[in-house]
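Each chain, letter by letter, is given below.
2 protein chains.
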Amino acid sequence: MEPVKIGLLGLGTVGGGSVTVLTRNADEIARRAGRAIQITHAAARQYDPERIEGLEQIGRISDDAFAVVDDLAVEIVIELIGGYSPARELVLKAIENGKHVVTANKALIAMHGNEIFAAAQAKGVMVGFEAAVAGGIPIIKAVREGLAANRIEWIAGIINGTGNFILTEMRDKGRDFADVLAEAQRLGYAEADPTFDVEGIDAAHKLTILASLAFGIPLQFDKTFTEGISKIEPQDVAFAAELGYRIKHLGITRRTAAGIEMRVHPTLIPHRRLIANVDGVMNAVLVKGDAVGPTLYYGAGAGALPTASAVVADVVDLVRALTTDPTNRVPHLAFQPGELADTPVLPIDAVETAYYLRITALDRPGVMASIAGILSEEGISIEAIKQKEPAEGETTVPLILLTHRIEEAAMNRAIARIEAFDGVSGKVVRIRMEGLEG
Amino acid sequence: MEPVKIGLLGLGTVGGGSVTVLTRNADEIARRAGRAIQITHAAARQYDPERIEGLEQIGRISDDAFAVVDDLAVEIVIELIGGYSPARELVLKAIENGKHVVTANKALIAMHGNEIFAAAQAKGVMVGFEAAVAGGIPIIKAVREGLAANRIEWIAGIINGTGNFILTEMRDKGRDFADVLAEAQRLGYAEADPTFDVEGIDAAHKLTILASLAFGIPLQFDKTFTEGISKIEPQDVAFAAELGYRIKHLGITRRTAAGIEMRVHPTLIPHRRLIANVDGVMNAVLVKGDAVGPTLYYGAGAGALPTASAVVADVVDLVRALTTDPTNRVPHLAFQPGELADTPVLPIDAVETAYYLRITALDRPGVMASIAGILSEEGISIEAIKQKEPAEGETTVPLILLTHRIEEAAMNRAIARIEAFDGVSGKVVRIRMEGLEG
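Those protein sequence lines, which keep their order, are chains A and B.
Residue numbers 1 to 438, in my numbering, belong to the letters of the first sequence in order.
Residue numbers 1 to 438, in my numbering, belong to the letters of the second sequence in order.
Just so you know, the hints here were simulated from the structure itself, not pulled from any lab data.
One-sided excerpt, in silico: chain A residues whose CB lies under 10 Å from chain B:
1. Arg24
2. Gly34
3. Glu130
4. Gly135
5. Ile137
6. Pro138
7. Ala142
8. Ala284
9. Pro294
10. Tyr297
11. Thr323
12. Thr327
Since the structure is predicted, the reported quantities are computational estimates derived from the model, not experimental observations.
Even glycine gets a Cβ: it sits at the ideal position worked out from N, Cα and C.
Bound-form chain A, shown alone (with noise of 0.2 Å):
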């Protein structure tokens, strides 16, 4: 049989490891697809040749895109230009040609995911993006089709290596953040400008997606709620380890009686949870269904070829769908398109959590009970607290106390009283806390 033929768009870091993981594994490839895959035609505004194993595998390549994208030949196009523009007028104008797209473009599919797969469903064809999440782990593939027999609870899932690495470093050696992230840098770990990873939006556009296929409701990047970690502090990493606590960066999206939460921050989880135990830039996804309870998918979130890997197994999948029948396919977001649900998304005030609380208190007598008043006027129960002893000639102290769950605005007005209260300097530290337990 004919080698299947593939466009490539984009020779960059994961356009260049598809390429070698093509080329490297493609018996191997074959003899699982059942046929060749070849890419026939590559796009590319730059690229180093010298450091791309494979390249002489690729009939023509050019920097002409959209000549790719409209190259009758090409069965399947892979985008992994990144970015919205113009990887949403690619993708679309290959699925107005009729052909199948794999990408690994999070940012695209979270923001213009919705035009994208409806484009597609109207065309007959598919859009992988397997790549788009936690690069190499399998994610979107467990959730859309190994736990179809579940009725999803929650995810929450350590999807930025980047953060990650920051996170395990400040505990591991004490250091501060802007310490370890310009080590980061160094080590291409993080970019110049880590607005994206430190901030949180390169998760909360993995966590968009990541809601959409576990509650199917349509992608809403924008109802997402974004808290970086560029603001914890090496002490308060300290603080949560002696509570038997880790602070790590998760993605979180959770299905209530009142909607559904969408939200990236950091978060303190029980040092003895598996997923506390991943460190440096590996990710990892926790996942609770309501039949199989927890499963936890662990793997490399980034990179060439763990990356290509997941590229590679999206192009092997629709070599597959390539004879299908298009109205009995797995759905885009899992579940089929007629049957997404308008579920409201809380907004991060409806949000309930326990919290981590550092408060710079006065050493005076009836600071602390003034302090308790205050949560307890608020309906917040305190789960433990810890007092440090002030420092030689500190006049301050800092107190820290877990609380049980609460809903966020409920907090809001009680660390604004604290923040005003006259025993208590400057602002309140505030960490949310999940257990995620079974």
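With chain A's structure known, arrange chain B on it following the hints.
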């Protein structure tokens, strides 16, 4: 559209769980699958109608399993009877009748899978067996589809929850094997006859399946080496911990230049590995692919609802397969049926691992030197030595050695010589050791 009609064989733990999941999550499953799924015909020798939520949805229940597989209206048969016979005959008959099959029967697939898949292939039907390995963890889908781009290097899994519960209790509480086994039996985690679980036969069934999926070889249960955990002593658990290791009962399959290893045995692994922290009845499978690196999959490996989660996910997959091109599907063993390889399976003598050795040495000068000499002569390098002080009045002392990797045949020769040496008392305790490094 008409509901898909299911025939169900067996209403025990997993059968009852599958009825419950299909009933409880009927709406959500139909929104995913695109069609409602209905059990129209079930057979069971005996069952407890009070204990099965959703039993009333089943059209007809009798004790005649062959009537179910011969029922013209049934499109998919779920086999949850277990054992070899009549499960084999029922599955083959269902296939002959043109029905798709889902089974959780690891023994059946490991022993008769080659025959069953060939029959299914010839008939153009599919056999789903996700539930046969690691219960609710979608590990078969991950290896077969999610990692399809990779040349898989090795897999190591905790794939028997009973054994993992026992080893976890032995470590946490310092208890001995027989004591914990009795408790596991009381808790319902272990069968009255625990042989299948504690001697590694159940794990070997599952490992046989994973090896075929990973390396594209026919199922060869008879070539899987199996060693149980019944001889593990609390002192070895404790010595391992002092050296920074945990003992887990692992199924390991690895591709080497000489062939494929398939082995189930107690294994020392570094305590910092994520899989070393998988405790209690939970399962986890670590897969090393050449592109993706290490990935890990964790969840409940048994139980009514977790196993039903995998069974019903297979049903949802098959609902989509009802209209697919039979010549272009995901192959049962990940590789196309004509593309399985005859790579040899290595005998345990040819397997290379590191070792933990516990030697009961006489407390006199020169014994250590003699043992080190024997090891050296057999080409075995020592990585670490731990010598305990002799207890008051004792004339022997436990000597713990960790070795570098060496072929098992050489280790067998060395152990025979050490046991024959008059500076040593009794048998040498030998536990294999793996780094499970990325």
